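Student: Protein chains in written order, with numbering that gives the first Met the number 0: chain D, 0 to 367; chain A, 0 to 367.
Note that these hints are calculated values from the structure, not bench results. Some hints could be false.
Note: identical chains are not told apart, hence a pair may lie in one copy or across any two.
Claimed, not checked - With a cut-off of at most 25 Å between alpha-carbon atoms, the simulated PhoX-like pairs for lysine-lysine come out as follows:
| id | residue 1 | residue 2 |
| --- | --- | --- |
| 1 | Lys302 | Lys263 |
| 2 | Lys284 | Lys36 |
| 3 | Lys36 | Lys152 |
| 4 | Lys152 | Lys84 |
| 5 | Lys36 | Lys162 |
| 6 | Lys152 | Lys48 |
| 7 | Lys152 | Lys302 |
| 8 | Lys302 | Lys360 |
| 9 | Lys84 | Lys284 |
| 10 | Lys84 | Lys356 |
| 11 | Lys284 | Lys360 |
| 12 | Lys36 | Lys302 |
| 13 | Lys284 | Lys162 |
| 14 | Lys162 | Lys302 |
Since this is a predicted model, take the numbers as computed values, not measurements.
There are 2 protein chains.
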Amino acid sequence: MAAVLRVDLPENAYDIAIAPGSLPEIGTALTPLGLGKKILLVSNRIVNKYYGDTVRESLTAAGFEVVTHLIPVGERYKTLNSIQKIYDSALEHRFERNSTFLALGGGVIGDMTGFAAATWLRGVKFVQVPTTLLAMVDASVGGKTGVNHPRGKNLIGAFYQPKLVYIDPDVLETLPPREFRAGMAEVIKYGVIWDANLFAQLEAAAHLDTVQTIDPALLETILVRSCQAKADVVRQDEREGGLRAILNYGHTLGHAVESLTGYKVINHGEGVAIGMVAAGQLGVKLDLWDTAAAQRQDALIAKTGLPTTIPDFLAIADLVNILQNDKKVQDGNVRFILPTAIGAVTITDQVPAATLKTVIKACQSAMP
Amino acid sequence: MAAVLRVDLPENAYDIAIAPGSLPEIGTALTPLGLGKKILLVSNRIVNKYYGDTVRESLTAAGFEVVTHLIPVGERYKTLNSIQKIYDSALEHRFERNSTFLALGGGVIGDMTGFAAATWLRGVKFVQVPTTLLAMVDASVGGKTGVNHPRGKNLIGAFYQPKLVYIDPDVLETLPPREFRAGMAEVIKYGVIWDANLFAQLEAAAHLDTVQTIDPALLETILVRSCQAKADVVRQDEREGGLRAILNYGHTLGHAVESLTGYKVINHGEGVAIGMVAAGQLGVKLDLWDTAAAQRQDALIAKTGLPTTIPDFLAIADLVNILQNDKKVQDGNVRFILPTAIGAVTITDQVPAATLKTVIKACQSAMP
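Given the sequences, and given the hints that come with them, work out the whole structure.
Tutor: The structure is reproduced here in structure tokens:
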């Protein structure tokens with residue numbers, strides 16, 4: 000089976016192609032896009048070891064000239080310094096405006112390759128080949144690119160759309176289980192904020208916690224419906240003026256937890272999982288959501304093997320302080336995305352500071 | 000007198016306001032734009048000394064909170080490192096997504112402020128207040144932002160449109176005469192590539208070489224028609240797919256000359272002036288343009304006090320080599336913008352290497 004979703008943005012329409020076993024065909028898939036001959040394949044050592052040769056052989060067979068640029072593994076290399084090294088490669092190999100930067104990897108590789116593509120020669124072509132579940136369902140759709148500032152995640156970046164997102168679910172077989180679960184956090188998010196049917200399918204599944212035990216048909220459904228949800232939201236709000244903010248459900252507190260644990264103890268998906276639990280509790284406290292729905296959400300998160308509590312060693316004051324620096328702050332008020340039903344959320348900056356502290360504290364103890 | 004031009008881009012329409020003596024009114028002009036309260040005023044020491052207080056007082060009186068960030072004077076500070084310092088200021092003063100970066104200065108300040116605005120939090124609001132003629136007629140219209148790579152000018156950047164371009168011609172009184180003439184090179188360019196009527200008005204003028212001797216009414220005409228020409232071209236081709244390339248008339252060789260002289264001996268406008276003379280000669284050699292038109296162009300350049308010959312100490316081989324690395328190279332062929340009439344140009348990559356060398360050599364000697 001295979002699926003193609005069209006992301007119909009006013010100026011930048013592109014396809015998301017989802018097909019198991021399709022990686023060796025990527026060269027053929029790029030041919031109709033009218034790209035220049037040169038492709039800068041940006042990846043890291045691990046992903047390159049698994050899939051670099053397959054991609055390079057397919058691209059070369061289709062007539063492309065491929066230069067490979069490897070970035071060290073890990074979020075701590077998601078810096079302007081790494082971007083400068085991509086620029087240096089592009090200059091050394093005389094990349095031109097119609098050349099292509101292709102991201103082969105997870106969210107970090109995708110975000111950095113996209114930002115480099117957005118800013119080299121004021122924009123070259125960009126193709127995403129996500130190899131993690133998180134990147135497939137989240138990072139590779141929507142055009143957010145960027146790097147971290149020493150004092151905050153993703154503070155530097157641009158909106159830049161790819162020419163194609165090319166997803167082969169089979170590559171998830173080599174993904175560490177913890178990273179698979181991190182991606183599932185975003186999948187659950189789409190269920191809560193947008194797609195009650197997806198949520199119900201996830202609830203009905205026997206296993207969600209590893210790629211080996213999940214039903215392959217469900218995995219494809221997950222990819223299609225998650226990308227569709229994100230594409231629907233992005234199409235309506237490419238530059239995050241309004242609606243798109245709902246994609247940040249669970250991210251406000253999630254980012255804070257990630258950041259305070261140095262982006263290592265808690266990864267992005269785990270932070271989002273914890274953030275969704277907290278947002279759910281805030282929703283209940285503010286009479287937006289009912290307890291039963293919150294419990295369904297939390298049970299699904301737990302079934303996926305994701306954390307549901309804030310690590311005990313984090314200080315509430317530190318969390319609150321870091322929330323004040325969140326990108327989603329509008330003229331001083333912290334903005335939260337809170338659920339109102341399975342499949343629907345609301346945006347509010349009317350969360351009393353005391354309520355926030357109470358909920359954070361409750362989320363540090365065992366779940367209610 | 001005052002003029003407002005509307006730049007009608009599909010997603011980013013904005014105004015260019017041109018009015019002598021209007022700088023003290025800038026706060027009032029920004030009020031209807033729906034900007035957030037915070038403004039990061041980016042400038043350099045010299046411009047800030049002349050105009051910083053006027054702008055700050057007007058903005059503060061209109062209710063804005065202004066933070067000033069100064070960048071050292073000169074093109075050599077047009078680097079990612081300077082951008083990082085802007086990010087640091089924005090972070091320190093808790094700038095948010097609806098905050099504004101305001102460029103008060105010439106092209107270097109405008110390009111850097113725009114790039115920082117394009118990439119901080121994936122895009123904050125941006126306002127241009129150009130204080131050089133070059134920035135008024137060229138850099139502040141069209142959304143090109145960026146910085147230099149150690150090995151090439153403007154290789155790093157983004158397309159990002161301002162919310163407003165605010166031009167007070169009176170500030171040109173403090174501009175060094177050489178910089179005024181540099182701006183006039185771009186004005187002459189618009190005459191040659193787009194606006195034969197502007198060209199004729201420039202030909203008819205008694206003086207063009209200093210802001211003190213130029214007729215004030217002509218100066219305003221120059222600003223309006225130049226911005227209009229650029230806005231017309233940009234509106235038809237925001238991302239430089241085709242037509243917009245004509246704005247690079249004179250720039251292909253001009254950049255090479257600038258670059259080889261370390262961006263000091265020859266400034267940008269002087270490089271463009273030399274490049275237009277060379278492009279004119281190429282046009283004549285290739286039977287696209289007639290000698291009389293080329294002579295009219297060259298005479299206008301000379302009347303403005305701009306150089307018309309390539310410095311003798313530059314090696315032809317070096318110039319040709321640097322042209323190969325120009326951003327405007329398409330799959331290996333150097334692309335030239337060549338005139339076909341006063342007010343019209345064509346784009347070609349069919350310039351034989353031998354012709355190019357002959358013309359470069361001729362342009363090093365006295366003018367024909």
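Student: Using 25 Å as the alpha-carbon threshold, which applies to Lys36 and Lys302: within, between, both, or neither?
Tutor: Answer is neither; intra-copy 46 Å and inter-copy 46 Å both fail.
Student: Evaluate Lys284 and Lys162 at a C-alpha cut-off of 25 Å and name the case that applies: within, between, both or neither.
Tutor: Neither way: Lys284 and Lys162 sit 43 Å apart in one copy and 41 Å across, limit 25 Å.
Student: Indicate which option fits the pair Lys36, Lys162 if close means a Cα-Cα distance not exceeding 25 Å: within, between, both or neither.
Tutor: within (15 Å within a copy, 37 Å between copies)
Student: Checking an output row: Lys152 and Lys84, CA cutoff 25 Å. Within, between, both or neither?
Tutor: Classified as both; 20 Å inside a copy, 17 Å across copies.
Student: Which holds for Lys162 with Lys302 at a C-alpha limit of 25 Å: within a copy, between copies, both or neither?
Tutor: For Lys162 and Lys302, neither the intra-copy (36 Å) nor the inter-copy (48 Å) Cα distance is at most 25 Å.
Student: Please work out whether the CA atoms of Lys302 and Lys360 approach to 25 Å or closer within one copy, between two copies, in both situations, or in neither?
Tutor: within (23 Å within a copy, 75 Å between copies)
Student: With identical chains treated as interchangeable, where does the CA-CA distance between Lys84 and Lys284 reach 25 Å or less: within a copy, between copies, both, or neither?
Tutor: Result: close neither inside a copy nor across copies, 48 Å intra and 42 Å inter.
Student: 25 Å Cα cut-off: does Lys36 pair with Lys152 within a copy, between copies, both or neither?
Tutor: between (34 Å within a copy, 24 Å between copies)
Student: Give the relationship of Lys302 and Lys263 under a CA distance limit of 25 Å: within one copy only, between copies only, both, or neither.
Tutor: Result: close within a single copy only, 22 Å intra versus 65 Å inter.
Student: Between the shortest in-copy and the shortest cross-copy C-alpha distance, which are at most 25 Å for Lys284 and Lys360: within, between, both, or neither?
Tutor: Within one copy, since 13 Å is at most 25 Å while 79 Å is not.
Student: Cα distance capped at 25 Å. Does Lys152 pair with Lys302 within a copy, between copies, both, or neither?
Tutor: neither (29 Å within a copy, 54 Å between copies)
Student: Regarding Lys84 and Lys356, is the shortest C-alpha distance of 25 Å or less found within a copy, between copies, in both, or in neither?
Tutor: Intra 43 Å, inter 34 Å, cutoff 25 Å: neither.
Checked against the numbered hints above, the structure violates hints 2, 6, 7, 9, 10, 12, 13, 14; every other hint is satisfied.
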